[in-house]
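Oh and the sequence shown: position 85 is 85 in this note's numbering, straight run, nothing missing.
Warning: the hint list may mix true and false statements.
Within a straight-line C-alpha distance of at most 27 Å, the following computed BS3-like cross-link-like pairs (lysine-lysine) qualify [claimed, not checked]:
1. 29 with 72
2. 94 with 70
3. 52 with 79
4. 70 with 29
5. 70 with 52
6. 52 with 9
7. 52 with 12
8. 82 with 52
9. 9 with 79
10. 82 with 94
11. 82 with 9
12. 12 with 82
13. 29 with 52
14. 70 with 12
15. 94 with 72
16. 72 with 12
17. 79 with 12
18. 29 with 9
19. 94 with 79
20. 72 with 52
21. 94 with 29
22. 72 with 82
23. 82 with 70
24. 94 with 52
25. 12 with 29
26. 9 with 70
27. 82 with 29
What follows is a set of in silico ranges between Cβ atoms, one per label pair, in the way DEER data are often shown [as the list claims (entries may be wrong)]:
28. 109 with 21: 17 to 25 Å
29. 55 with 95: 28 to 36 Å
30. 16 with 69: 30 to 38 Å
31. 34 with 87: 32 to 40 Å
Source of the hints: derived by calculation from the structure; they are not laboratory data. No residue lacks a Cβ here, since even glycine has one placed at the ideal position from N, Cα and C.
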Amino acid sequence: MGDYANAAKVAKDAPGTLLRNQDTINRLKTLPSSGGPQPIIVYFSTLLETTKLNEIESIELARPVLQQGKIKVLEEWIKNDKLTFTNQLGDMIKQFNPQLALSIYMRSDSADTPERVI
(Lines of atoms letter the chains of each structure in order from A; the text may use other names.)
(Lines give C-alpha, C1' and ligand atoms only; values in the text may rest on other atoms or scores of the structure.)
Protein backbone atom coordinates (compact mmCIF):
# COMPACT_ATOMS: atom_id res chain seq x y z
CA MET A 1 0.00 0.00 0.00
CA GLY A 2 3.04 2.26 0.06
CA ASP A 3 3.22 2.68 3.85
CA TYR A 4 6.88 1.71 4.06
CA ALA A 5 7.47 3.22 7.51
CA ASN A 6 4.79 1.02 9.08
CA ALA A 7 6.03 -1.95 7.06
CA ALA A 8 9.48 -1.38 8.60
CA LYS A 9 7.93 -1.28 12.07
CA VAL A 10 6.24 -4.63 11.41
CA ALA A 11 9.56 -6.06 10.17
CA LYS A 12 11.33 -4.74 13.27
CA ASP A 13 8.95 -6.63 15.54
CA ALA A 14 9.03 -9.88 13.55
CA PRO A 15 11.07 -12.68 15.12
CA GLY A 16 14.67 -13.12 13.99
CA THR A 17 15.22 -12.58 10.30
CA LEU A 18 11.72 -13.63 9.27
CA LEU A 19 11.20 -10.25 7.58
CA ARG A 20 14.52 -8.51 8.15
CA ASN A 21 16.39 -10.39 5.46
CA GLN A 22 17.92 -10.11 2.00
CA ASP A 23 14.62 -10.87 0.24
CA THR A 24 12.86 -7.95 1.94
CA ILE A 25 15.74 -5.61 1.15
CA ASN A 26 15.81 -6.72 -2.50
CA ARG A 27 12.06 -6.15 -2.82
CA LEU A 28 12.33 -2.68 -1.30
CA LYS A 29 15.18 -1.79 -3.66
CA THR A 30 12.98 -2.52 -6.67
CA LEU A 31 9.92 -0.56 -5.55
CA PRO A 32 9.41 2.84 -7.13
CA SER A 33 9.28 5.89 -4.93
CA SER A 34 6.00 7.75 -5.00
CA GLY A 35 7.38 11.26 -4.94
CA GLY A 36 9.07 10.83 -1.57
CA PRO A 37 12.18 9.02 -0.45
CA GLN A 38 12.91 5.61 -1.91
CA PRO A 39 11.20 2.76 -0.01
CA ILE A 40 14.55 1.23 1.01
CA ILE A 41 15.60 4.56 2.56
CA VAL A 42 12.32 4.78 4.49
CA TYR A 43 12.86 1.21 5.70
CA PHE A 44 16.39 1.83 6.98
CA SER A 45 15.54 5.24 8.46
CA THR A 46 12.59 3.81 10.35
CA LEU A 47 14.65 0.93 11.75
CA LEU A 48 17.54 3.21 12.75
CA GLU A 49 15.18 5.35 14.84
CA THR A 50 14.52 2.56 17.32
CA THR A 51 16.76 -0.44 16.77
CA LYS A 52 20.11 -1.79 15.66
CA LEU A 53 20.44 -3.09 12.11
CA ASN A 54 21.27 -6.77 11.70
CA GLU A 55 24.28 -8.02 9.70
CA ILE A 56 22.54 -8.02 6.32
CA GLU A 57 20.95 -4.62 6.84
CA SER A 58 24.23 -3.10 8.06
CA ILE A 59 26.07 -4.22 4.92
CA GLU A 60 23.25 -3.20 2.58
CA LEU A 61 23.07 0.28 4.09
CA ALA A 62 26.82 0.81 4.39
CA ARG A 63 27.50 0.02 0.73
CA PRO A 64 25.64 2.99 -0.84
CA VAL A 65 26.62 5.32 2.02
CA LEU A 66 30.29 4.59 1.35
CA GLN A 67 29.80 4.93 -2.41
CA GLN A 68 28.38 8.40 -1.77
CA GLY A 69 31.42 9.28 0.36
CA LYS A 70 29.34 9.83 3.50
CA ILE A 71 31.75 8.18 5.93
CA LYS A 72 30.80 10.65 8.69
CA VAL A 73 27.22 9.36 8.62
CA LEU A 74 28.52 5.82 8.97
CA GLU A 75 30.81 6.88 11.82
CA GLU A 76 27.81 8.32 13.65
CA TRP A 77 25.82 5.09 13.29
CA ILE A 78 28.82 3.09 14.50
CA LYS A 79 29.32 5.44 17.46
CA ASN A 80 25.64 5.04 18.37
CA ASP A 81 25.81 1.22 18.01
CA LYS A 82 23.21 1.19 15.23
CA LEU A 83 25.06 -1.35 13.04
CA THR A 84 26.04 -4.96 13.59
CA PHE A 85 29.82 -5.25 13.44
CA THR A 86 31.19 -7.95 11.15
CA ASN A 87 34.41 -8.56 9.29
CA GLN A 88 32.55 -7.94 6.03
CA LEU A 89 31.56 -4.48 7.26
CA GLY A 90 35.13 -3.81 8.36
CA ASP A 91 36.43 -4.94 4.97
CA MET A 92 34.10 -2.51 3.22
CA ILE A 93 35.14 0.42 5.41
CA LYS A 94 38.88 -0.35 5.49
CA GLN A 95 39.66 1.44 2.21
CA PHE A 96 37.85 4.58 3.39
CA ASN A 97 38.91 4.68 7.03
CA PRO A 98 41.33 2.01 8.32
CA GLN A 99 41.02 3.19 11.94
CA LEU A 100 37.24 2.83 11.83
CA ALA A 101 37.61 -0.59 10.23
CA LEU A 102 39.92 -1.65 13.06
CA SER A 103 37.28 -0.59 15.56
CA ILE A 104 34.70 -2.70 13.73
CA TYR A 105 37.00 -5.73 13.56
CA MET A 106 37.71 -5.48 17.27
CA ARG A 107 34.00 -5.23 18.09
CA SER A 108 32.97 -8.09 15.79
CA ASP A 109 32.67 -11.64 17.02
CA SER A 110 35.33 -13.05 14.69
CA ALA A 111 38.45 -14.77 15.97
CA ASP A 112 40.60 -13.78 12.96
CA THR A 113 40.36 -10.03 13.54
CA PRO A 114 44.11 -9.22 13.98
CA GLU A 115 45.07 -10.83 10.66
CA ARG A 116 42.44 -8.81 8.76
CA VAL A 117 43.94 -5.50 9.80
CA ILE A 118 47.47 -6.28 8.63
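Structure-based check of each hint:
Between residue 29 and residue 72, the direct Cα distance comes to roughly 23 Å. Compliance with the 27 Å bound is thereby established for this hinted pair. About 14 Å separates the Cα atoms of residue 94 and residue 70, which keeps this hinted pair within 27 Å; it holds. Straight-line distance between C-alpha atoms of residue 52 and residue 79 comes to about 12 Å, which keeps the hinted pair within the 27 Å bound. Straight-line distance between C-alpha atoms of residue 70 and residue 29 comes to about 20 Å, which keeps the hinted pair within the 27 Å bound.
Taking the CA atoms of residue 70 and residue 52, the gap is about 19 Å. The hint holds against a cut of 27 Å. At most 27 Å may separate the alpha-carbon atoms for a hinted pair to count; residue 52 and residue 9 meet this at roughly 13 Å. Of the supplied pair hints, the one linking residue 52 and residue 12 holds, its CA atoms being roughly 10 Å apart against a limit of 27 Å. About 4 Å separates the Cα atoms of residue 82 and residue 52, which keeps this hinted pair within 27 Å; it holds.
Proposed proximity of residue 9 and residue 79 is supported: the alpha carbons are some 23 Å apart, at most 27 Å. A hinted pair counts as satisfied when its Cα atoms are at most 27 Å apart, and residue 82 with residue 94 qualifies at roughly 19 Å. Only pairs whose Cα atoms come within 27 Å are accepted, and residue 82 paired with residue 9 is accepted, the gap being roughly 16 Å. For the hint linking residue 12 to residue 82, the alpha-carbon distance of about 13 Å falls within 27 Å, and the restraint holds.
For a cut-off of 27 Å, the pair hint linking residue 29 to residue 52 stands: about 20 Å separates their Cα positions. For the hint linking residue 70 to residue 12, the alpha-carbon distance of about 25 Å falls within 27 Å, and the restraint holds. This hinted pair checks out: residue 94 and residue 72 have alpha carbons roughly 14 Å apart, not beyond 27 Å. For the hint pairing residue 72 with residue 12, the CA-to-CA distance comes to about 25 Å; that is within 27 Å, so the pair holds.
A hinted pair counts as satisfied when its Cα atoms are at most 27 Å apart, and residue 79 with residue 12 qualifies at roughly 21 Å. With a CA separation close to 17 Å, the supplied pair residue 29 and residue 9 stays within the 27 Å bound. Distance restraint check for residue 94 and residue 79: the Cα-Cα separation of roughly 16 Å lies within the 27 Å cut-off, and the hinted pair is therefore satisfied. For the hint linking residue 72 to residue 52, the alpha-carbon distance of about 18 Å falls within 27 Å, and the restraint holds.
As the CA atoms of residue 94 and residue 29 are separated by approximately 25 Å, the hinted pair is consistent with the 27 Å bound. A distance of roughly 14 Å separates the Cα atoms of residue 72 and residue 82; the hinted pair therefore holds under the 27 Å criterion. Distance check on the hinted pair: residue 82 and residue 70 sit about 16 Å apart at the alpha-carbon level, within 27 Å; holds. For the hint linking residue 94 to residue 52, the alpha-carbon distance of about 21 Å falls within 27 Å, and the restraint holds.
Only pairs whose Cα atoms come within 27 Å are accepted, and residue 12 paired with residue 29 is accepted, the gap being roughly 18 Å. Restraint check: the Cα-Cα separation between residue 9 and residue 70 comes to about 26 Å, which is no more than 27 Å; the hinted pair holds. Proposed proximity of residue 82 and residue 29 is supported: the alpha carbons are some 21 Å apart, at most 27 Å. At roughly 20 Å, the beta-carbon separation of residue 109 and residue 21 lies within the given 17 to 25 Å, and the hint holds.
Range check, residue 55 to residue 95: about 20 Å between beta-carbon atoms, so the 28 to 36 Å window is missed. Our hint of 30 to 38 Å for residue 16 and residue 69 holds, since their Cβ atoms are close to 33 Å apart. Between residue 34 and residue 87 the beta carbon distance is about 37 Å. The supplied range of 32 to 40 Å therefore holds.
Taken one by one, the earlier hints fail for this structure only at number 29.
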